[in-house]
Structure formats: C-alpha cells, structure tokens
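**Student:** Now for the letters of each chain:
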Amino acid sequence: MNNITVMALALDFIESHLREPVGVADMAAAVSYSLYHFCRTFKAATHFTPYDYLMRRRIAEAAREVLASERKLIDIAFDYQFNNPETFSRAFKRVMDVQPTQWRKQGAAGYRQMMPRLTAEHLEHLQRGAPWRPTIETRPALDLIGVMTLGDDVTAAWEQLHSELAACGLADTGGDFYGWTWCAAEGGVTATLAALVNSGACIEAGALVAKTLPARTYLRVPHRGTARDLALTLDYAYHIWLPQSDYRAALPWYVEGFGTLPDRPSDGAWDVYLPVERVE
Amino acid sequence: MKAEIIEKPAMLLVGFNFFGDPFRSYSGWSEENEIGRLWKRWMAYLENARPDLRHVSAPDAMVELHVHHAETPQTGEFEVFVGVEVTQLEALPPEVVVKVLPASRYAVFTLAGQAITADWSWMMDAEWLPALGVRRHPTYSFQRYDARFKGMDAIEASELDVYVPLED
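The listed protein sequences derive, respectively, from chains Y and G.
Counted the way this note's numbering counts, the first sequence spans residues 3 to 282.
Counted the way this note's numbering counts, the second sequence spans residues 30 to 197.
By construction, these hints were calculated from the structure, which means they are not laboratory data.
We put the CB at the ideal spot given by N, CA and C, even for glycine.
Careful, some of the hints might be misleading.
Listed below are several chain G residues computed to face chain Y (Cβ distance under 8 Å; list not exhaustive) [said to hold, decoys possible]:
| # | residue |
| --- | --- |
| 1 | 69 |
| 2 | 95 |
| 3 | 103 |
| 4 | 104 |
| 5 | 105 |
| 6 | 148 |
| 7 | 150 |
| 8 | 151 |
In isolation and in its complexed conformation, chain Y is listed as follows (with noise of 0.2 Å):
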C-alpha cells in the first residue's frame, strides 16, 4: 500500500473514533506505523499533524451537534474527549473563532465554517497539486459584466454568457473571464456570476449585469484539475491552508480568474481568488 492509502485508512480510524479516547499512538499502531513515521507521513499527505486534525475534527463535530440539539454543552465537550469547559472552549474558539454558547445563539453554521472529514480523495488531490504555492495578494477594484445565475450549475451561466457574447458580436473577444461564486452558508443557495472585464460595451443587452468587486486582500491559489475537483481545492484552501496561516475569510465567496471564455471548463489550470482578512 501507498502512504496516500495508508493516511487515507488512518483518517477512517480517526473518524470513527472520535468520541474514543484515542491519541496519536493509537492512529500510528492502527496503520503499523511507528510514531516518528507515522507523524511525519500523515503531515506530507494532509498538511496537518495528526493531533491537529484529530482536534479540529472533534470541534467539527461537536460544533455540529451544539446546533443539532439541546444537550448541554458540557455533555457534548466530554462526549469528545474535553476533559473540562475551560479546555473545550479554548479549543472551540481557536477553531470556530467563537466560544460554544455564542455559537448556539448563532444558531446555523457560516461559509465554509465546518471543518470536513478528510478523504482519499482529498489527499490524492494535495498530492497531484503540490508543490501547493498560495499566495496573499492585494488586487485593485474589478468591474465585471456578465451572466448570474442561481445554482452551482456553471456550465449553464457560462454557456448563456457564450449566447449574450455573440448577440453583441463579442463571441470572439480577447481578455480576462472571471467566475464569481457566492454561497449563503454551509449549504446554502449558491450564485454564479460567469463573467468578463467590463470594457464598458454590450452593458444594456440581453441578461447581462454588472458588477464590481472593490479593491481588497485575497488568497490566491492555484488550481489544477478539473471542475469537479475544485471544491477539493476549496477544501484545501479553506480548510487546510487557511486554519493555519495568520489569516481567514472575510466573505462568502470566490472568484475565479480564466484567461480564455471557459465554454465548459474541465481539465487545466486557473486561479481562485478568496477574499481574506488578517486574524488580529
């Protein structure tokens, strides 16, 4: 077996052994692994130490069911293995960035709040992208023109925007394509914004609506894949990478920057663009 498979057996071990008073031992003898190996190994396939993920999921979790019920808090903190309140709400707010009973008063998860489960899936797609270069970039003002639809179909926003293009003669037009995709919360309605640089033309026909995205810090990463594995890359960006840098997202949406009209975007290369804002 592979280490990608093996990290990919731990992950299941640490998953359903959650609410079980398991350390990392336990996860390196699960794998037959020793200690040193096992540390150093699962820290190349998921970017966090195993002690990390293993805290984070079990916060994932229990932030879950402070929403999902009304059992108090100190039963769902010892249910995963917090000893005391004082050590589940450090851990909490370091992860969910507010404390449990604030985060019951909230009463839903935000964007991109919930920590995943991490799959093979997941690691097979950290190992084809690496080396992972993110980078924090200030971007000035953009004014997009575009096609915005409700949904995550994107192929459909896109394809009207090939139509509207090509009403106004543009089909052919050079230049930057951006996609613009909003989500209310975990879950929530998605809206797509299929777009180009507005150059100031074709702004009064057909469905095509401007918008614009003011000057401001993002995290850009790279994606390489397909369509599909972009929320892997999301994944990767807000989950992974962004938990343990000095900064967090600031909104609930992304921006992808194409060079070309993407008819159908599959298989290449593009940018992602998450707005962020610095941790004080």
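The hints should help you fit chain G onto chain Y, whose structure is shown.
**Tutor:** Chain G only, in chain Y's frame:
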C-alpha cells in the same frame, strides 16, 4: 541490517533540544522541519563554539536522541536532542542542554542506504527486537551518526547506528 546487543556505561551528552511535533511546519525529510532546523542550529553553534566545548569523546560522532514524554502517545509530540558525547561536564552556556543516559543494555542496529529513510522503528518493534528475544525500554532511543553517514543527499552510501535501550 546488522544487529547486536551491547552493554554501555552511562552517557553524558551535551547539545540542543526541541519538544513538539517536529513536522508541524514541514514534513517528509525536508531539512526545514524542526529536526533539520535543530541540526542546523547545533552545527552552527559547534562551528563557533567548538574550542570551548571540551572533553568531547568522539569529535566526529553526533547523536540524535528521541525522548517520549507522558503526553507523547496522546499528542504525538516528543523531545528531540542533538549533540555530542562528553567524558565530563564543565560550565556550559545556557542554550546548551545536558542529557545523562543511564548505563544500559542496548540493541544496536546498523542501517544502510534507503533503510535509513524507511520506517525502521516499526520494523524494530514488530520484527527485529522480537527476533532477538528482547524488549525495548519505551522512553528513548538514539541514532549515532559518524563518518559513515554521508548526508541525506548521499543516502545510498550512508550508514548509521540506532541504539535502543532494553528492559531487564
């Protein structure tokens, strides 16, 4: 892989140490991980301070000691120490750490080539030590690097010895 059991008197080691998960920042065999950085710090110190570091028993031999603490099984964090063996102690600067390893019986395994980067620690517990009919002391072990170790970029031509203290 060559294996033997030896008796070793107490050892005095001086060097630098680190506690934590050494792969938190960089994984794999990257020299930027905490173990690599520890070695760099120690080698830089040696370069400048060697004349002051007296009673070194084997100047071309270095030791990398791994010590498991009470929380190690839970968190995966452990102590790594790199340094040299000395025959006696004199005043040392505050950044230098002293380790005293008790007299012990050791299993000594000589690793060569790619075996150095494999999971030999697991093989040791699963196969090599049982084959010798002995049990390891679970708290610590160390690797001894001398002129036979040519560096990670010449691993095929390298050898190192792993010392595992044994329970009575």
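**Student:** For each hint given before, does the structure comply? Return the numbers of the non-compliant ones in rising order.
**Tutor:** 1
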